[in-house]
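Protein chains in written order, with the working numbering: chain A, 1 to 669; chain B, 1001 to 1125; chain C, 2001 to 2217.
Since the hints were derived computationally from the structure, they do not count as laboratory data. Yeah, the Cβ is synthetic: ideal placement off N, Cα and C, and Gly gets one too. Each hint should be verified, as a subset may be incorrect.
[What the hints assert, rightly or not] Calculated lysine-lysine pairs in the BS3-like style (CA-CA distance at most 27 Å, straight line):
#, chain 1, residue 1, chain 2, residue 2
1, C, K2182, C, K2113
2, C, K2105, B, K1035
3, A, K575, A, K50
4, C, K2113, B, K1035
5, C, K2107, B, K1035
6, A, K542, A, K437
7, A, K299, A, K50
8, A, K589, A, K437
9, C, K2107, C, K2182
[To be verified] For the chain B half of the interface with chain C, some residues (derived, Cβ under 8 Å), not all of them:
#, residue
10, F1044
11, A1058
12, H1121
13, V1124
[To be verified] One side of the interface only, derived from the structure: several residues of chain B facing chain C at Cβ under 7 Å:
#, residue
14, D1039
15, A1046
16, L1049
17, I1057
18, I1070
19, L1082
20, F1083
21, M1089
22, F1093
23, A1109
24, L1117
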Amino acid sequence: MAIIERPTETPALAGSGAAVVTPSSSYGYFRRPVQTTGWRSWAFTVDHKKIGIMYGVVAMVFFFIGGFEALLIRAQLAQADGTILSADKYNQMFTMHATTMVFLFVMPMASAFANYMMPLQIGARDVAFPRLNALSLWLFVFGGIFINTSWILGGAADGGWFMYAPNSSVPFSPTNGVDFWVLGLLITGVASQVGAINLIVTALNMRAPGMNLMRMPIFTWMALVVQFLLLFAIPVITVALFLLMFQRNFGATFFSVEAGADPLLWQHLFWLFGHPEVYILVLPAFGIISEVLPTFSRKPLFGYPFVVFSGAAIGFVGFGVWAHHMFAAGLGPISVAVFSVATMAIAVPTGVKIINWTMTMWGGKLWFTTAMLFAVGLIVQFTIGGLSGVTHAVAPSDTQQTDTYYIVAHFHYVIFGGAVLGLFAGIYYWWPKVFGKMLSERWGRWNFWFMIIGMNLTFGPMHILGLQGQPRRMYIWTEARAGEGYFDLAFWNLVSSIGSVVLAIGALFFIINVWVSRKHPPCPPDPWDARSLEWITTSPPKEHNFDRIPTVHTLDEFFHRKYEDVGEGDQHDYKQVATGEEVIELEEKYAEAHIHLPSPSYWPLILALSFPVLAYGVIYSTLLIVAGAAIAVLALFGWALEPPTADDSDFDPPPPGDDEPSKELAVSV
Amino acid sequence: MDTDATITDSGRTPTTADDAHGEPPAHAEPAQRHKEPTDRQYIFIALFLAVLTAIEIAATEVGPDGPLLIVSLLVLMAVKFLFVILFFMHLRFDSRLFSLVFYIGLGFAIGLYGVVLATFHFFVS
Amino acid sequence: MSDATITETDDAVEIPHGYDDGSDHIGLPHHTSTGLSNTKLAMWLFLGSECLLFGGLISTYMLYRNRQADQLGPDQLWDIPFTSATSFVLLMSSLTMVMSVSAAKRKDEQRTKLWLTVTALLGGLFLAGQVYEFTVFYREGLGYTTSLFSSSFYTLTGFHGVHVAVGIIMLLSLVAMLARGKLVGDKHETVEMIGLYWHFVDVVWIVIFTLVYLIPA
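The whole structure should be built from the sequences, with the hints applied where relevant.
Here is the structure:
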């Protein structure tokens, strides 16, 4: 076992006669946090695993909040002349449903996986900037809470998640809802931006010896592409958000037509971000199933380089198609034609991935665990969503489809059928590693099938509703406008709403699964006979991840340590030479000593707290702005003056007689 | 198993049969490519930039008109920009990775915003 | 702490000491897969993203530059000689920043702090010039909300000014931390990193000066 040294919690070691070691202090007053148990070990942690878990838990909470908002929408539209939601409340509901799902569920859940898994997959002990990692987490948490306080502070934002200006300016959105939205997204935007820099440096700079880029696990690759997308897209929406904030709060006229402004400016700025954003949403899921499918097909990923390059291509080309969200905005035929063609081009790398996933399964020994079900589900559902997407790429047909439920169908098939199913695949796949217990496969099946049936019942009819002419963002539909025949708006809206209930039950089954599985016995470290580095750890991993940083010789390093190719020539014949446990034992045998992990810190949490204070100040009181700024400055200086890893003097001294790293096998803690 | 296992290194030297073909850490190109400018050369570059700025200002006063002026100003601006990036910020002498990430950002900015302005007919007189 | 030469302490770029091979990190190249420093890579990534931030603000300005009120536009307002002077000041601050990095490389802590301070002072002079300039514009009737031109102009230059201010704070903090021996990590690298930020802020002004002040409307 490796020796981990950590600062003592108590100043005096009773009776030992050893030197008193206390955590070093900041500003001469505050001692650095050192707790390893209790709430403080979570609040001040910089450990990527704890941070990943917190991202996941909070994201799940927002999933249910956003889901509840969706249920209200579907309840309202289940029947003609719905009375569940007023027009105003309905606007808030679809705005917040989308904002919550996109910014507070899918993105943070992907961050949860990236944070937890990327260091493990590349053989690192943490990310490049652990305190910055904690900052990203808390900014997300506080930003998400901040936006949602708008519900009780005058009403939530009501301009749609795309918040078109000037509709989102004060005359048309007089409550503070839009301000909460703008400021909340600025806060979460900083989280994403800073997280992107962190994870890019991590993936590029902290790989295990021997892991060149083309031996990196595919999930890490996709996560890396996503971070680059975030890096370049977030600044654009930041500009848009500031302009809107200045318009709403300081009287600027950036989007006021009567002052000579052009509303299209907002649309361009938003969609320049918004389109890469949808690839930010879906690429992590693509990465996850690119891990899941090979494991449960007992075959390597087909065409790994193609999957890598197509992922990068999707990211890059994804920056060039934003105006396909503006086909009906009056751009003119040349612009429309250019973006139409560019959008069609992007289907190609996506298609490459579908082929690669399918070919991975082809001829494999398929094992349909719940994770595998979700992964296969993604391939099917995302393809459907992609097909409707192709019809949108053709600008003339999009002109009919735009602003109808046909679009709603498309993006729910790709977001729910793509991103969400992929995230659930990841949850089922990596749950044993993270929590040391298996989730119930039986409940997992209920979860999966209810979700699949539910999502198809909910979003399938929306294609028809859209082509029948039901517009988006309308809080009510009437019998008079429901169309003719039995299969009219009334029929399909009801089917869709029933579907949403089925979907909700499926989501509930997930919660039930988590609940009943908590009493499961501990699971083995490698329950799926997996392929990549994160499985060469205990379940859950030790705090320092690896007793010894593994040296990597090939892609799918873990697989090749367990299986040797005894085939001749071109024939591959894999024989098992070691179990997962044996591989891990070997690493433990050569554990490193005197591991100093990055130390916990107050400053990320405190700095993150200053942001909502500042934001409330912008809405309510200049005094709060000053207070928030002061806290931020204090935290920044505290952070800068504090070393990332506490001084050596902070740590327990080595045992008597041990002045240098041991040359024997490391002793247990 | 091996009895000469040491753990003073972090496993980078082979310590087990399994690791017999361990590789040194993946290492890209060296961090520096050419010799850095000296302090004198930096001063020279700064003066050069000042002179270019003076030319720019003079051009607006006594220089050509219309598109020719705009093109000249943009060219001078670009030259100054590049000199600061390449020399003061060492991009010319540092790893190509830095150049890559910066130029991608710069390229996106110019390209994407250029297209946006084009849709507003900004470049049409 | 004395003002003697800077001694290399821990090469404590923020990678965990899991790569600890028992030796000191003095003088060793970075323990990273690319051989590049974490913080330097992070700064370049940040600067790449900043291109998109300022690009958006510049584009907004370019779109709205001709939407003025009451004959209050560039031709009436700009004082090119004055702005040229402040631009020159900022340009020179880039030179002094380079001097500082060079001194840090030579482990000449005195000179490092000196040049950093001069850079901060020049930056402060630039900002003072901006404040003066804006005050003049304001007195001549160009408020923030006067027109689209004014809003875009003040927003763009305001964002730049804030970046300069943050840079000055970082420069002065760095001087203070060097003076009190509180700098963690590789000193040359930290100075270099802040230098990158400072030069970028200068480079943005090079673009703004030409596009906003010189190119005729």
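Hints, one by one, checked against the model:
no.	hint	in the structure
1	C:K2182 x C:K2113	holds, 14 Å
2	C:K2105 x B:K1035	holds, 14 Å
3	A:K575 x A:K50	violated, 37 Å
4	C:K2113 x B:K1035	holds, 25 Å
5	C:K2107 x B:K1035	holds, 19 Å
6	A:K542 x A:K437	holds, 15 Å
7	A:K299 x A:K50	violated, 32 Å
8	A:K589 x A:K437	holds, 25 Å
9	C:K2107 x C:K2182	holds, 16 Å
10	F1044	violated, 10 Å
11	A1058	violated, 10 Å
12	H1121	violated, 10 Å
13	V1124	violated, 13 Å
14	D1039	holds, 6 Å
15	A1046	holds, 4 Å
16	L1049	holds, 6 Å
17	I1057	holds, 5 Å
18	I1070	holds, 6 Å
19	L1082	violated, 9 Å
20	F1083	violated, 9 Å
21	M1089	holds, 5 Å
22	F1093	violated, 12 Å
23	A1109	holds, 3 Å
24	L1117	holds, 6 Å
Comparing the model with each numbered hint stated earlier shows that hints 3, 7, 10, 11, 12, 13, 19, 20, 22 do not hold.
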